[in-house]
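Engineer: Listed below, chain by chain, are the residues.
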Amino acid sequence: MSETVLEVQNMTVDIPISAGMLHPVRGVSFSVAKGETLCIVGESGCGKSLTSLALMGLLPKTAIRKADRIMFRGEDIKDFGERRMAQLRGGAMSMIFQEPMTSLNPSYTIGDQLTEVFRRHVVRDRGAARERAVHLLERVGISSAASRLSQYPHQLSGGLRQRVMIAMALMCEPELIIADEPTTALDVTIQAQILHLLAELQEEFDMGLILITHDLGVVARIADKVQVMYAGRTVEEGPAESIFDEPAHPYTRGLLRCIPVPGKTKRGERLGSVPGIVPNLVGSVEGCMFRNRCPHAVAACSTAPETLVPMGADGHAHACVRPLEERVEQPVEAAE
Amino acid sequence: MRDEATAPALETNDVTCVFNVSQGFMKGSKPLHAVKGVTLKVPKGQTVGLVGESGCGKSTLASILLGLQAPTTGEVRYSGESATGFSRKDVARRIQPIFQDPYSSLNPTKTIRSIVSQPLRIHGVGDPSEWDKKVAEMLDIVGLPKRSAGNYPSQMSGGQRQRVAIARALIMRPEVVICDEPTSALDVSVQSQILNLLQDLKDELKLTYLLISHDLAVVEHLADRVAVMYLGRIVEEGPAADVFADPRHPYTQALLDSVLTPDPRLGVPDTHLGAVFPNPIDPPSGCAFHPRCAKCMDVCRATAPRPMAEGAHMTECHLMEGS
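Sequence lines, in order, name chains A and B.
Going by the numbering used here, the letters in the first sequence line up with residues 1 to 336, in that order.
Going by the numbering used here, the letters in the second sequence line up with residues 1 to 323, in that order.
By construction, these hints were calculated from the structure, which means they are not laboratory data.
Where hints are given, some of them may not hold.
The list that follows gives simulated cross-link-like pairs (lysine-lysine, DSS-like), each with its CA atoms no further than 25 Å apart [stated by the list, open to error]:
{"#": "1", "chain 1": "A", "residue 1": "Lys266", "chain 2": "B", "residue 2": "Lys44"}
{"#": "2", "chain 1": "B", "residue 1": "Lys89", "chain 2": "B", "residue 2": "Lys134"}
{"#": "3", "chain 1": "B", "residue 1": "Lys110", "chain 2": "B", "residue 2": "Lys133"}
{"#": "4", "chain 1": "B", "residue 1": "Lys202", "chain 2": "A", "residue 2": "Lys266"}
{"#": "5", "chain 1": "B", "residue 1": "Lys134", "chain 2": "B", "residue 2": "Lys110"}
{"#": "6", "chain 1": "B", "residue 1": "Lys134", "chain 2": "B", "residue 2": "Lys30"}
{"#": "7", "chain 1": "B", "residue 1": "Lys206", "chain 2": "A", "residue 2": "Lys266"}
{"#": "8", "chain 1": "B", "residue 1": "Lys295", "chain 2": "B", "residue 2": "Lys36"}
{"#": "9", "chain 1": "B", "residue 1": "Lys110", "chain 2": "B", "residue 2": "Lys146"}
{"#": "10", "chain 1": "B", "residue 1": "Lys41", "chain 2": "B", "residue 2": "Lys206"}
{"#": "11", "chain 1": "B", "residue 1": "Lys44", "chain 2": "B", "residue 2": "Lys202"}
{"#": "12", "chain 1": "A", "residue 1": "Lys264", "chain 2": "B", "residue 2": "Lys202"}
FRET-style restraints, in silico, Cβ to Cβ [said to hold, decoys possible]:
{"#": "13", "chain 1": "B", "residue 1": "Glu204", "chain 2": "A", "residue 2": "Glu204", "range": "52 to 58 Å"}
{"#": "14", "chain 1": "A", "residue 1": "Arg267", "chain 2": "B", "residue 2": "Ser148", "range": "31 to 37 Å"}
{"#": "15", "chain 1": "B", "residue 1": "Asn279", "chain 2": "A", "residue 2": "Val282", "range": "48 to 54 Å"}
{"#": "16", "chain 1": "A", "residue 1": "Asp79", "chain 2": "B", "residue 2": "Glu204", "range": "57 to 63 Å"}
{"#": "17", "chain 1": "A", "residue 1": "Pro16", "chain 2": "B", "residue 2": "Thr72", "range": "57 to 63 Å"}
{"#": "18", "chain 1": "B", "residue 1": "Ser154", "chain 2": "A", "residue 2": "Asp112", "range": "34 to 40 Å"}
{"#": "19", "chain 1": "A", "residue 1": "Lys61", "chain 2": "B", "residue 2": "Pro239", "range": "56 to 62 Å"}
So, partial list: chain A residues that the calculated Cβ filter (under 10 Å) puts toward chain B [what the hints assert, rightly or not]:
{"#": "20", "residue": "Leu58"}
{"#": "21", "residue": "Ala220"}
{"#": "22", "residue": "Arg322"}
Virtual Cβ for every residue (Gly too), placed ideally from N, Cα, C.
This is chain B alone, in the form it adopts within the complex (with noise of 0.2 Å):
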């Protein structure tokens, strides 16, 4: 077994996903791989971005290391300990989420202090006066007044309903917090304060995040490593700094022509990437990127091209092959 203080936080070893897709009334199913072979690594004490477009895999593998699905194939590892071995309690306690909709993740019934004291009324810890005690810490940390404990989640904003979601996801203490789309529903003027209290948060309680989001200008600015998901796959990871300095893969460079930086000199970007983002179902062959590709090549449409690794930083392209 491999020391606990070095073992990545989280890991991920060739996992792969597949759902049956019903294709209709006797028309039997047809198998999606929602994930396809993943090794995927998040250290201790890092932010790890974890970036696509919709229906690129992002939350199924989020779900998965959560341990709320599980993998078809492949292995999860918790700071360097096989998953296999964790009851859902066990994975709760180290993983916790963050949702993108702070208006559907908290129950509209169930007061603030029974939405953030619940994970310790499931995992038993401490007795009623201590929950109050831990509540209202909690609220404390995360910039809401105590007095909010007693309030319903729709006496608050969108911005205070996401801090109760951070209260509640921190209560337990866990070690690796997964993030996705923490600020997508949110107002710019708010989203700089949770993504403040987010990065405030990390340090202070020595958290490992898992970020999930479509915003590159989001990732670029919290997260310590970026992978680039496509279709299942991870297609290009590295230190952010060298990604976003240097993308290679052209997906991630069409990514990050997209994101619209306040310049009012410049246009709207054109990404040439065409509308249709394919069938997962069918996904096309050789390189599941070469249709929407500008620099697609012949043996692109043949074959799938292999990882090339380049110090820290991965590319999954047949251009870097060449080179």
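Isolated chain A (complex conformation) (with noise of 0.2 Å):
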């Protein structure tokens, strides 16, 4: 195994808010490593974005970050101040978002807005941050490199825009890279390009990087490790092969029934669901949080801690009662 790059430990985001605290998170673990990709996987409302905004320190300011650890390059950056933080932050991590619309400044060039991050963190000379800035426009398959430096973002479309992000946060030569939905918002072709492109970027720097999405599709073709979130846990976590071959918690399973796959689900045929919304996660709460829509609830879901499992030597692990050998017979489809 190569190098850990980022470790966290039972990290929990809390928000108070009018009605009491809110648990938005509740105490996730994870790591990735040098040339891995770790995809978290979830509904929206299950967390997911808090823990990377969580990770980067780019928090809302009421909200209360706890964790017992958060490695980052052998360093413990859980007690890093604002100041510290800045440092860290678009150089050796950083970002990209899903919005490329609203993240790039509208009244700044392209240019400005990629040798910012360069000659904050690297060095103050523009000529270096210019050249490097054309240099990684030409890496992310932006042609004529050099005449989109003054460009601003509204003369760009939706696909460019987010190699620009791309762009932009490898400008410092980052070790870990946080991805929070970054092809949403595109068309199925340029989605399949930009995740080709990080891909090929990410093993050509062996950074690591962190995708977030709700799409599996994406994840089962780009992820080593998957994490599946729920209501701010992790229910289902361990390498792509085995979560896609034999994934245990009701959640996951009911995420996979709920695609169409070309070729499998026959046409027309009615897809599975998982009914039900995300719960409520403020004041205290206890037991499995998928048990209200969980087709195997029983009585002991109420009261059962949420802790991992192990399922095997690979990692593979669930937080279920009822995992999936323990069940009598599998019902097709989940009551509505």
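Assemble the dimeric complex from its two separately framed chains, guided by the hints.
Structural biologist: This is the structure we're talking about:
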């Protein structure tokens, strides 16, 4: 196994709101090594994005982040103040956001925005920064890169903007990239290209990549490790192949049944679904949070500890008291 | 006049739509051909999928079919009757849209009851007591509780809002529903519920769908026929089973390759399409797809291909002409 870039132990995020304390992230642990891709999957409201913001130290001011440790490059960054986090952000760890339309500043040129990170973290030399920007724009497949530097974001299409975001994240040769739904807003053809590019660059620069998405097709194609999140907890984790071959948690299985797969699902056939919505996480919560939507829930689920139980030697683990093998007959579809 | 029963529910005949786009102050304007000579039939009771990248003219075609945009040339026919004889209201009774984003397609200041009953009020059908009954019935059909009639859109989740949009579209019992990316803005778990609902409603209410989407897995799942659009032209059209099993146009092949099926043993496909979607104001010569095509030949740069039909499967590509 190559060197671990990031290791998170038992991270929680709490946000005080008028109704009480909201617990959007309730103790997640994971690690990413150099050249490894970790995908965090789940529906909206599962705490995926807050997990990534918590890592970057970009949480809203009222939010409280706690963790046993957050080791980045062998250093615990848990108690780093804003100043030291700012030194890391955009430098050694960088982020690609979902909406390239809103995450680029419309009133600065692409060149200004690309060189800013480099001049802040590496050298203040304008020429060197410009050279690096042109090099990276070419690397991410943008034609006539030098002339693009003087363009504004509105002059570029969505796919090109996302490429600019990727180039920007790479400016300072980061060791870890966190990509939050990098392709959700894009066309399928562009999505395939952007993912292809990300995978290629990751190998080339030997970076750790955390990809946050709700698209299981993307996960299957790009992930080394998968972490399925539900209601702020990891409900299943493991190598991509075992997760897709033998999903153990009913939530993972439900999500997998939701998507039509050309060649597998019959045309016009009813798709599986996960009825219900993500529960409210205000106040104290106990037991398996998925029990209200789970077709296999039993009384024990309301007090079940949400700890991960290992399934095999490959690191595949789940947090269900009645995993696959303990169920008698698998109902074909969850009752609606 | 043709027989009402056998004529396609929706039909376009060589429809073209040209916009004049300003090039800047004092520079005059240039024509943009958003839709170029599209002939499409949507047979009664079937689902026709319309796929293509953003900017290819899918949504312009949808607004022409909805009567919101007049075609520059060509003709639209509803059940065999020319659209020129229809008023906006007549069209709205037959054809209704469902849009992509249920967060912006519902008025946030109106209750669900008021949103769903609006078509009834506009068309002057029945009286208020009847409206309430119809709304309750409609909410039941789309799987929303009756009590949600008094709610505002902000109190509902994305999936529930999309159900409200569907209820509004169906309350006048239209023949045709145009679904413009009905599930792209939703979570996977909700997406499958909406797709199941659309499928059930189609059988229950005998609807005809035009399903616009860039998600080919969704189109493959629901559609009977598929039309692939590129830069204002339909480049391939045929029965869904045929087109997906044997895609003939290189563009259709690239689109199909980009569908990410959840198989952890496959990597991310390399579609060789290039990043640049051509500028529709200044389209490429010959076949509009040639700058991005891996199988481009000399003839593709010079002349535009003609549609070649083989049974019910039409392709517009020089590769087909040779064979």
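Engineer: Take the hints in turn and mark each one as holding or not.
Structural biologist: Quick rundown of the hints versus the structure:
no.	hint	result
1	A:Lys266 - B:Lys44	holds, 22 Å
2	B:Lys89 - B:Lys134	holds, 20 Å
3	B:Lys110 - B:Lys133	holds, 18 Å
4	B:Lys202 - A:Lys266	holds, 17 Å
5	B:Lys134 - B:Lys110	holds, 17 Å
6	B:Lys134 - B:Lys30	violated, 48 Å
7	B:Lys206 - A:Lys266	holds, 21 Å
8	B:Lys295 - B:Lys36	holds, 23 Å
9	B:Lys110 - B:Lys146	holds, 16 Å
10	B:Lys41 - B:Lys206	holds, 17 Å
11	B:Lys44 - B:Lys202	holds, 11 Å
12	A:Lys264 - B:Lys202	holds, 23 Å
13	B:Glu204 - A:Glu204: 52 to 58 Å	holds, 54 Å
14	A:Arg267 - B:Ser148: 31 to 37 Å	holds, 32 Å
15	B:Asn279 - A:Val282: 48 to 54 Å	holds, 51 Å
16	A:Asp79 - B:Glu204: 57 to 63 Å	holds, 60 Å
17	A:Pro16 - B:Thr72: 57 to 63 Å	holds, 59 Å
18	B:Ser154 - A:Asp112: 34 to 40 Å	holds, 38 Å
19	A:Lys61 - B:Pro239: 56 to 62 Å	holds, 57 Å
20	Leu58	violated, 23 Å
21	Ala220	holds, 4 Å
22	Arg322	violated, 20 Å
Going through the hint list in order, the structure does not satisfy hints 6, 20, 22.
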